[in-house]
Amino acid sequence: MIGATGIPVFSLEGSEQASVMHGFAARQADFARAILDPVRPAPAGLVGPDGRPSERRFAVYRNNVVVGLIETLKAAYPVARRLVGEEFFAAMASLHVVAEPPVSPIMLDYGAGFPAFIARFEPAAVLAYLPDVARLERAWVEAYHAAEASPLSPSALGQVPPGDVLTMRLTLHPTVRIVRSAFPIVSIWQANVGGDDAGTVALDAGGEDALVARPETEVEIRRLPAGAAAFMEALRAGAPIVEAMKEGLFASPCFDLAIALRGMIEANVIVGYDVRPARSEGAA
Amino acid sequence: MPEVASKLSPTSMPRRAGVGLKAEHYTTILETSPDIGFFEVHAENYMGAGGPPHRYLSAIRERYPLSLHGVGLSIGADRPLDSDHLARLRQLVERYSPELFSEHLAWSSHEAGFLNDLLPLPYTNETLARVVEHVDQVQEALGRRMLLENPSTYLAFAENTWGETDFIAEIARRTGCCLLLDVNNVHVACTNQDWDPIAYLDAYPLSHVQEIHLAGFAPDADEEGRPLLIDAHDRPVDETVWGLFAHTIERIGPVPTLIEWDANVPDWPVLKAEAERAERLMADIDGGRRRTPALNHAH
Numbered sequence: 001m002i003g004a005t006g007i008p009v010f011s012l013e014g015s016e017q018a019s020v021m022h023g024f025a026a027r028q029a030d031f032a033r034a035i036l037d038p039v040r041p042a043p044a045g046l047v048g049p050d051g052r053p054s055e056r057r058f059a060v061y062r063n064n065v066v067v068g069l070i071e072t073l074k075a076a077y078p079v080a081r082r083l084v085g086e087e088f089f090a091a092m093a094s095l096h097v098v099a100e101p102p103v104s105p106i107m108l109d110y111g112a113g114f115p116a117f118i119a120r121f122e123p124a125a126v127l128a129y130l131p132d133v134a135r136l137e138r139a140w141v142e143a144y145h146a147a148e149a150s151p152l153s154p155s156a157l158g159q160v161p162p163g164d165v166l167t168m169r170l171t172l173h174p175t176v177r178i179v180r181s182a183f184p185i186v187s188i189w190q191a192n193v194g195g196d197d198a199g200t201v202a203l204d205a206g207g208e209d210a211l212v213a214r215p216e217t218e219v220e221i222r223r224l225p226a227g228a229a230a231f232m233e234a235l236r237a238g239a240p241i242v243e244a245m246k247e248g249l250f251a252s253p254c255f256d257l258a259i260a261l262r263g264m265i266e267a268n269v270i271v272g273y274d275v276r277p278a279r280s281e282g283a284a
Numbered sequence: 001m002p003e004v005a006s007k008l009s010p011t012s013m014p015r016r017a018g019v020g021l022k023a024e025h026y027t028t029i030l031e032t033s034p035d036i037g038f039f040e041v042h043a044e045n046y047m048g049a050g051g052p053p054h055r056y057l058s059a060i061r062e063r064y065p066l067s068l069h070g071v072g073l074s075i076g077a078d079r080p081l082d083s084d085h086l087a088r089l090r091q092l093v094e095r096y097s098p099e100l101f102s103e104h105l106a107w108s109s110h111e112a113g114f115l116n117d118l119l120p121l122p123y124t125n126e127t128l129a130r131v132v133e134h135v136d137q138v139q140e141a142l143g144r145r146m147l148l149e150n151p152s153t154y155l156a157f158a159e160n161t162w163g164e165t166d167f168i169a170e171i172a173r174r175t176g177c178c179l180l181l182d183v184n185n186v187h188v189a190c191t192n193q194d195w196d197p198i199a200y201l202d203a204y205p206l207s208h209v210q211e212i213h214l215a216g217f218a219p220d221a222d223e224e225g226r227p228l229l230i231d232a233h234d235r236p237v238d239e240t241v242w243g244l245f246a247h248t249i250e251r252i253g254p255v256p257t258l259i260e261w262d263a264n265v266p267d268w269p270v271l272k273a274e275a276e277r278a279e280r281l282m283a284d285i286d287g288g289r290r291r292t293p294a295l296n297h298a299h
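If you read the protein sequences in the order shown, they are chains A and B. Letter by letter, the first sequence follows residues 1 to 284 of the numbering used here. Letter by letter, the second sequence follows residues 1 to 299 of the numbering used here.
Note that these hints are calculated values from the structure, not bench results. As the structure is a prediction and not an experimental result, all values here were calculated from the model. Be aware that a few hints might be false.
Unchecked claim - Label-pair ranges, simulated between beta-carbon atoms:
#, chain 1, residue 1, chain 2, residue 2, range
1, B, T27, A, E220, 48 to 56 Å
2, A, E55, B, A23, 32 to 40 Å
3, A, A258, B, P14, 52 to 60 Å
4, A, R236, B, Q193, 22 to 30 Å
5, B, D262, A, E55, 21 to 29 Å
6, A, S153, B, R90, 42 to 50 Å
7, B, T27, A, F250, 40 to 48 Å
8, A, A44, B, P227, 18 to 26 Å
9, A, R223, B, G225, 54 to 62 Å
10, B, Q139, A, V126, 52 to 60 Å
11, B, A23, A, P174, 20 to 28 Å
12, A, E220, B, G288, 50 to 58 Å
13, A, V39, B, S12, 46 to 54 Å
14, B, P227, A, V39, 48 to 56 Å
From the three backbone atoms N, C-alpha and C, an ideal C-beta is built for every residue, glycine too.
Produce the complete structure using the sequences and hints provided.
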């Protein structure tokens, strides 16, 4: 601890922390705890102009933090907000921000844990699809801020010799996110993102897997055909097309390699390929 | 020329009015190229790896001077600065070469994480030494002088042994940093603390000021019914704040002056009109100063 200046350090009257922590560090720890715990009184020694403590003044800081984080979640999860209503969303978000305050000063990263929180949040359990819709919205935010890359043109891919296609490995665009769901999340998202009239979505219409990517300026969300999510996840993990195809077929017997590849080319999510034989993994 | 502001470190930032860059205005700015002195962005909003924010900022930066304003470095915390965050700031400074870089006399990081607000610190020898150490570290890491902004506060620490203006002056003296004078924060803090804003400004080390902030506040009251102003940045600059701004400009001449409007963001013409008012006011006062140079010594 710096500052051995002889200036008397504020004594934490009535605090069990007083003997452990001291000065500035203790002050800030106390302050931070009280910010995130609305039933904890304002730390001692924080005063208004008359030298007396003021809960109301401390509440401004508490409010700035909590309301600011709720606003961040509102902006990041507009569809989830619409699905549950403003009041429910704010209540759910306020519990989340206190349970999981940010760990980084970069607010555009905040809210990654919200879908998992929603999945555990019992009052929202009646909306079984809500956590997956929230995962889709999180994927949108991540794609929006992810690194730039130039998609390969279809003609560049057309130059791959047909004999090399199955052993080829593809590099996916860094903005690509894949969200698999047992619910029609893309339909739900599309029906609610516009803001005006939400159409009706048949919840029993079956699950939808979403491809989220930002090949250029706009984030695009597409429905993936059967098995394509597993196929693309395998490709992203470095598998050659033939191995990824097995994953696709394993996920769905309806998986169609040609349709999956054409969809990826149309979505501009392939940024590179490698036709060299398998790298030396596991070669004995 | 202003008496002293330019002595510290020459800046290419024009002594004009600018505005905080909001996503709502990206396309209007690029389509109409408005005549505006500069733009300022919150550094943390541009810490994604890529995406539209960087695309727009790159295009706008090609046409306008830029001020980079950090809100998350937590210079006023007891704990050491986050070296990853400092590295990210350095990358942004290298990428966009802003004319100015500023941060706050406040803290937000703690053991468990990050509190997204500008929290106050006690003014003691201990905190002074810590802040000085941190400002030195920032200036070394970024290879340039930073501007430190005075806070808006809602309460005071009983253990304070320094007044706010003396505390800030001492930081500037020890580190050689420049200052960002937020005139709205002066009004908010002075109202909330029952200080005299003119006395505050007259005690402030104005010779170090390289930028001014203006913004709107939300009026409230504490449990005793005393006024409690909240630094909300959600409305036009208050007339009282314009008056304090004029007082400041009379003292130091035109300074790069930013209109901050971060919540309930208005349409572009409304924001631009605020900047135009600041610029007119600086021009009028500067004209008066030039005609009657003795005015400088009247205070």
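Consistency of the hints with the structure:
Our hint of 48 to 56 Å for T27/B and E220/A is violated, since their Cβ atoms are close to 19 Å apart. Taking 32 to 40 Å as the suggested C-beta distance range, the pair E55/A and A23/B conforms, at roughly 36 Å. A hinted range of 52 to 60 Å holds for the C-beta pair A258/A and P14/B, which are about 59 Å apart. Checking the proposed 22 to 30 Å range against R236/A and Q193/B shows it is violated: the Cβ atoms sit about 56 Å from each other.
Our hint of 21 to 29 Å for D262/B and E55/A holds, since their Cβ atoms are close to 26 Å apart. The hinted window of 42 to 50 Å between S153/A and R90/B is violated, with their beta carbons roughly 36 Å apart. Between T27/B and F250/A the CB atoms are about 46 Å apart, so this pair conforms to the stated range of 40 to 48 Å. In this structure the hint that A44/A and P227/B lie 18 to 26 Å apart at CB holds, the actual value being about 24 Å.
Between R223/A and G225/B the C-beta distance comes to about 58 Å, which sits within the given range of 54 to 62 Å. Checked against the given bound of 52 to 60 Å, the beta carbons of Q139/B and V126/A, roughly 55 Å apart, stay inside it. Between A23/B and P174/A the C-beta distance comes to about 22 Å, which sits within the given range of 20 to 28 Å. The hint said 50 to 58 Å for the Cβ distance between E220/A and G288/B, and at roughly 57 Å that hint holds.
As the Cβ distance of V39/A to S12/B is approximately 52 Å, the hint placing it in 46 to 54 Å holds. With their beta carbons about 27 Å apart, P227/B and V39/A fall outside the hinted range of 48 to 56 Å.
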